[in-house]
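So for the sequence shown, our numbering puts the first residue at 690; every next one is plus one.
Don't read these hints as lab results, they were simulated from the structure.
Each residue gets a CB set at the ideal place from its N, CA and C atoms; glycine is no exception.
Possibly wrong hints are sitting among the right ones.
[To be verified] Derived DEER-like restraints, expressed as beta-carbon distance ranges:
| no. | residue 1 | residue 2 | range |
| --- | --- | --- | --- |
| 1 | PRO800 | PRO834 | 22 to 32 Å |
| 2 | ALA878 | ALA783 | 18 to 28 Å |
| 3 | GLU882 | GLU929 | 15 to 25 Å |
| 4 | ARG742 | GLN862 | 38 to 48 Å |
| 5 | GLU712 | ALA926 | 23 to 33 Å |
| 6 | ALA783 | ARG763 | 50 to 60 Å |
| 7 | VAL821 | ALA878 | 16 to 26 Å |
| 8 | GLN862 | GLU882 | 51 to 61 Å |
| 9 | GLU877 | PRO922 | 39 to 49 Å |
| 10 | ASP802 | THR865 | 13 to 23 Å |
| 11 | GLU918 | ALA878 | 38 to 48 Å |
[What the hints assert, rightly or not] With a Cα cut of at most 20 Å, we get these calculated EDC-like pairs of lysine to aspartate or glutamate:
| no. | residue 1 | residue 2 |
| --- | --- | --- |
| 12 | LYS907 | GLU850 |
| 13 | LYS907 | GLU894 |
| 14 | LYS907 | GLU712 |
| 15 | LYS907 | ASP701 |
| 16 | LYS907 | GLU765 |
| 17 | LYS907 | GLU919 |
| 18 | LYS907 | ASP801 |
| 19 | LYS907 | GLU853 |
| 20 | LYS907 | GLU744 |
| 21 | LYS907 | GLU725 |
| 22 | LYS907 | GLU918 |
| 23 | LYS907 | GLU720 |
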Amino acid sequence: MSVNPASGAFEDLVAEGAAVPTEGWDFSWFEGRASEERPSWGYAVSAGRRLARAEAVLDIQTGGGEVLDFALGRAEPARPASAAATEGWPPNVAKATALLGPRGVMVVAAPDDAPLPFADEAFDLVLSRHPVRPYWGEIARVLRPGGTYFAQHVGPASVFELVEYFLGPQSEQVRTARDPGRERADAEAAGLEVAGLRAERLRMEFRDIAAVVHFLRKVVWMVPGFTVEEYRPRLRALHERIEREGPFVAHSTRHLFDVRKPAR
690 MSVNPASGAF EDLVAEGAAV PTEGWDFSWF EGRASEERPS WGYAVSAGRR
740 LARAEAVLDI QTGGGEVLDF ALGRAEPARP ASAAATEGWP PNVAKATALL
790 GPRGVMVVAA PDDAPLPFAD EAFDLVLSRH PVRPYWGEIA RVLRPGGTYF
840 AQHVGPASVF ELVEYFLGPQ SEQVRTARDP GRERADAEAA GLEVAGLRAE
890 RLRMEFRDIA AVVHFLRKVV WMVPGFTVEE YRPRLRALHE RIEREGPFVA
940 HSTRHLFDVR KPAR
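Kindly generate the complete structure, drawing on both the sequences and the hints.
Below you can see the structure in the form of structure tokens.
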């Protein structure tokens, strides 16, 4: 049974946030406890329109396959002739295989920082939602001439109000990582053409400490090595602040890439 966020004891809320499974990219558990504005471009719906016109598709770092599954549903009855997805975390590989296998998608276990395990020019559409890092050389290699990379990336200093609450002020180098301008330059250096690039900053609210705990367990790169035990004093102080002042407000950053490989 869920504890009432307004009156729940700190220990009960922390235990609840620590017990929720973290596999996949289903964020429905946060409903009523945390919220995040969505980018105006509607990535999954837009990806579905592109899937309806594609022949061979690759989704990089698919997570539990939820976004690709949704996009394929929006593409129906049109379907790409072949579709594949990569994922590096074993629990997500299993979840994505179970979800996407019935749709005819081949899910391949592949480390996020390794070359893509596919032949040159194998795909006319490559998708990715929130890749850890875009490997532009590999993306260019597996795209067919005239093919497209369509992806939503996490932007610089995303949710840093929460990150810096736990870790303290971050360096300018850390704050400006994932800069869309730098990523554009890297894409162009790999021989790709950036047809479109949009960026937005989006409001987030954490309404109880259980949501904070689950978020930091699920999005592990925010506070590397996060454990309840190590950060219990900061968690308790934040719980008291939320109880006293209301939701903890942060901001995520996102940018949308529409990138093409030049035709021969």
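Hint numbers the structure violates, sorted upward?
-> Violated: hints 2, 3, 6, 8, 16, 20.
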